[in-house]
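Protein chains in written order, with the numbering used here: chain S, 222 to 648; chain B, 2 to 444; chain L, 3 to 393.
Simulated from the structure, these hints should not be mistaken for laboratory data. Quick caveat, the model's predicted, so the values are computed rather than measured. Check before you lean on any hint, since a few could be wrong.
[As the list claims (entries may be wrong)] Which stretches of chain B does chain S cover? Using the computed rule of at least three CB atoms under 8 Å from a CB of chain S, they are:
(1) 286 to 294
(2) 420 to 427
[Unchecked claim] A few chain L positions that, by computed beta-carbon distances, are all more than 12 Å from chain B:
(3) A80
(4) G145
(5) R156
(6) E221
(7) A355
Ideal Cβ placement from N, Cα and C applies to all residues, glycine included.
So the chains spell out like this:
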Amino acid sequence: MSSIATLKDPSQERQKQMIAGHFTRLAKAKESGRKVVSTFVPGNLTELLLSFDLLPILPEINALQSGMRQRSAEFIQKAEKIGHSEDVCAYVKCDLGMLESGNVGPTGEVLPRPDLLLLSYTGCFTFLKWFELLKESTDAPVAMLQVPYQGGGRATPEMRDYVVRQLREVIIPALERVSGKKYDEDRLKELLARSAKAEDDLVWVLESAKHRPSPIDAYFGAVYYVGPIFSAFRGTEDALHYYRELREEVEDRIRRKEGPITPDGPMGEQRFRLVVEGPPNWTSFREMWKMFHSEGAVVVASTYTKVGGVYDDGFRHDPNRPLESLAEYCLGCYTNRNLPTRASMIARYVQDYHADGFLVHSVKSCDSFSAGQLLILRDVEAKTGKPGGFFESDLVDPRYFSAANIKNRVESYLQMIEQRRSKVVAS
Amino acid sequence: MRCAVGIDLGSTTTKSVVLGEDGRILGRGITNSRSNYDVACAVARREAFDDVRRTLCAGALARTELPAADRPAFLERLRRGFQLSQYLVQLGALREFASAELPAVEALFAGSRLGPALSRILDALEAGAPALFAPDAPRRSDFFRDTAASEYHKLAQSIASPQQPFEALLGVFDKAILKVENRDIDIPFAEGAGRAIDRAILQSCLPTRTMAESIRAVLTEVYEHPLEVVASVGTGYGRARLPFPKEQIRSEILCHGLGAHAMFPGTATVLDIGGQDTKAIQVDGDGIVTSFQMNDRCAAGCGRYLGYIADEMDLGLHELSPLAEKSTRPVRITSTCTVFAGAEIRDRLTLGQRREDVLAGLHRAVILRAMALLARSGGVRNELTFTGGVAKNSTAERVLRQLISENYGDITMNVSPDSIYTGALGAALFASRMALAREEAAA
Amino acid sequence: MTATNPGTELQALVSRAEDLAHDVTLRAVREWKAAEPSRKAIGYMPVYVPREIIHAAGMLPVGVFGAGESVEIVKGDAFFQSYICHIPRSVLDLALRGALDCLDGMLFPSTCDVIRNLSGMWQMLFPQKYVHYIDLPQDPSPGLGGAFFAREMRQIADDLGRMGGTPVTDGRLRASIAAYNENRRLVEELYQLRRSQFWLAPASEVYVLLRAGNVLPVEEHTKLLAEYLTLARQSGRHPVDMARVAIRGCFCEQPPVDLIRTLERAGCTIVDDDWLIHSRWPRGSVDAQGDPFEALSSAFLYRSPSCPSLYRAHERKGASLVADAREARAEGVIFASASFCDPALLDQPMTMAAVKQAEIPCTAFLYAENTGQFQPIREQAGTFADAIKLS
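Bound conformation, chain S alone (with noise of 0.2 Å):
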């Protein structure tokens, strides 16, 4: 998910590598004559468009990664010039900004126009308006997936029957046009089938922060490792390769007692133990990442994991029902659930991972986070009895970021749980 070339391990110079040739492939996608679509990383349908030999384009991660680039307060402005609000998403701005600028890529390599936009409306309506305005700038057609929200609690059978019959009766007939190809299910279940085992060994991974110390941090570390599996890879070789390689790295460090590795060097002790909810701050990331590891704070489970889906209930790809499974994945996704199932899953990961307090990022792009925070900071304070901490700035908008009040209130927070556990000592 990210360009940043600090990390040492082995998986991660492999990850850098897929994700700098995916970007070659996308820039010569008009030579070579692949079809490009566009897509959103929440429930995506990457299987899907692999087996129509469709290569994915994600905007949010072109925001993302303009955003770690120190790129998106230009886009962002250039979006606002045209007439866009400093109020809404800067997501859309940041990647609206980078189209006006010439859509030149991470990688320096300008990205082809879509010729498909595959509208996967799955947890947040601002997608819906983003590729509204995309289709006013690049004409692209615009294929609809309206995947219901789970507002009761639960995927209903109704709501799955709901998604396969847009995928057979809608999508895929989409994906025909652009692709000029055949549904081919075979194909689908081959790549379901590897999607499934890489899923086993991210699992695996993200499941090994409960050892103490933590392998990994499950936060800032694991934005990278869940990178190729909600991005254009899962189904693929290569993250079949990258995820039994990190789950090896892991096991070593686990064998060794280490903690992860941040930019700064290999993590030194560990004093408290987090979960997080919310996506991280991409314009200061490592900043940010900082102002944990260098006062021991790990985090052992975070929600922006689970923004592409959930496998905490055992959910896999499953190549025997490919179409059920792609909707059932859709669906399950986080931001895809409801307020009562994420607070929770939160305290499920308080509890589960043994952590010493919660932390909520609240970033103002993303209402379909963030409308809610306060009350789920409180619910699951109520049912964990731990302490929870609240800091806001956004995803790319540097205008939203002090770094000096988030590490006030981060070392705040910290101090008042070494606090409380020195009473308990003493006591």
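Fit chains B and L to the known structure of chain S by using the hints.
This is chains B and L only, laid out in the frame that chain S set:
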């Protein structure tokens, strides 16, 4: 004597509290925070230690023949005498820096010659100083800048002329005062405390020379008594810039919690509205923080907001509340955005709304934001302690009491006149504990 | 009935509507329920819910559209960050202070992420109440999106029946559809009147009249509309010279009534708008003969007004706004959006481009339901009106 020191480096003021071995508060010091945090920290600390000496003087006086009834007046004379000494030393520094600034300012105001006027002003300031700190004079601000500025302005206005423009004279002052503030002036005993003791003795018309001598001896001993700092802890908005190692830094959240608990042991909830931020803190029976919330990214609804309002209305900060209290029909203000505050106020005044009604509405808006933070942090539990600069504003206090009672019922609300020292007190208590733990470890 | 001066009667009617429009603590609903102890009321939020179903279950549909500027927010702010719009704060504040206790349930339509998440917050804060999130269909085909929506509505009908409402039979639902058809017909007549003789029915009156429908039984509201239409036509009000404007904002969070008055005072007469958009949703009448669920569903698919919360594959962005503006002979378009409203604000550049392309003058501003300051808006609207009249 062994003491523990706490320093709270805030966005507007820097405070220091010194505790004795028994945990009693021996002294407090305050100064305005400036661009140079090291100096602010040193000044607040020194002020606190001056205060410690005065506290010790009070104890020492009890061992002299001075009748108990005369002691408070004597101590007040001592305090003012000491302030006078400090004031004179700082005036000297102001003179020195101002002369250095002269050429640069004169260059900006073509044809001006400021030297003579400046000398006249500073001479007059010096001559007028004893009256400012005379026993019957009204109490002054604790800050040299405030006292000197108001006197300087008055004089500069009266002698301004085309060759000596008022703006130019003010320019000299503004540049020089920054430099004065950016150094800590430690006054030797003979020049400062010694002279103050002499003055107080003189002003008190003591009946016998022996009594005078014994008082002088006892007080001199107090000033010569060594004070050993066993531990220091820093906190506050600018704590990261304090010249302290990391283990001696505590967040202001923890310090406010503990400080409020020390002031009012029944405290369960703390509301602190400071210059830059608002904090709602829940503490347990020992003053340990269990949860907290702070205002979001923007400083809307904090002390600074009231500051902008005061500027916009051309009022002093202390004039806001008395005016707001005159309101009969408070205006509903919906935004506490500092950026738009000025425009909103001008609009409302243009529409014919009365200043006092607008002000009353603004105070209410500030407290409503605080109410939201309190609710976020887990609500208000009995007792609530209200701290920070805004706690000194009686309208804010009244509105808060009313809203607390409407929303949370019968809650005891504590406001200490010393609430500005809450964070520094908490820090000093942490320092005390740290020293104790160290001793235990050594033993 | 004694003959009275139509002017006085009109004034009395408008003032009654105004009281009802500002009845955010639902006094009228309490009274309605008190008349018969078994009665139940179901709240709904903007932008659209099929009220017919609640009505068919014998319950009172109650529009919960925020508290405007009438309520000082004390508790609601505790739940929302500063960058979230205002309506969920005031709605939650009202609920937390018990003003919505008379509602036995709440329906949250799929308007945006904030309202969607509010449905979950409601489940957490008021576990004893019925809560349902309604996913409005985004797929345009009857067999897919239409069938999905019909099933969604059947689900709600079943739920309400189980809650102690009257079982929603096809017959009852057809009758409810007819009742709402009549209501929508009069609303449309009102809009026609504004188009042809705007001085007879000022926007600020029409607004409170429609908003009154949020707390009244539909039959009573229909009667109120009919009376108003009669009285307004007889009012003898004189034409005035004003700029004709259409206003757009995807009104979920409602503008304060004073904002509408401000626009009128600034010289703009509003001949078309999309606030209280649910009262004209769907456009025209719903088939009251066949399968009523299918009828509601198909009316939704084919005759929903344009709204940023809905995806419309085959509609050119802004085309319906341009058509509406032309039909209403609007000389300008005002985009008035609620601050921090993602759907409306992201939509705006596209619709605005269409309006500009059609060479219709336009202007834009932001508001919040509790905006208390109209001076800048008055100046902006005044300048806009002058510019239109001069051109």
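Hints and how they fare:
no. : hint       : verdict
1   : 286 to 294 : holds (count 7)
2   : 420 to 427 : violated (count 0)
3   : A80        : violated, 3 Å
4   : G145       : holds, 47 Å
5   : R156       : holds, 40 Å
6   : E221       : holds, 37 Å
7   : A355       : holds, 29 Å
Hint check: violations occur at hints 2 and 3; the rest are consistent with the structure.
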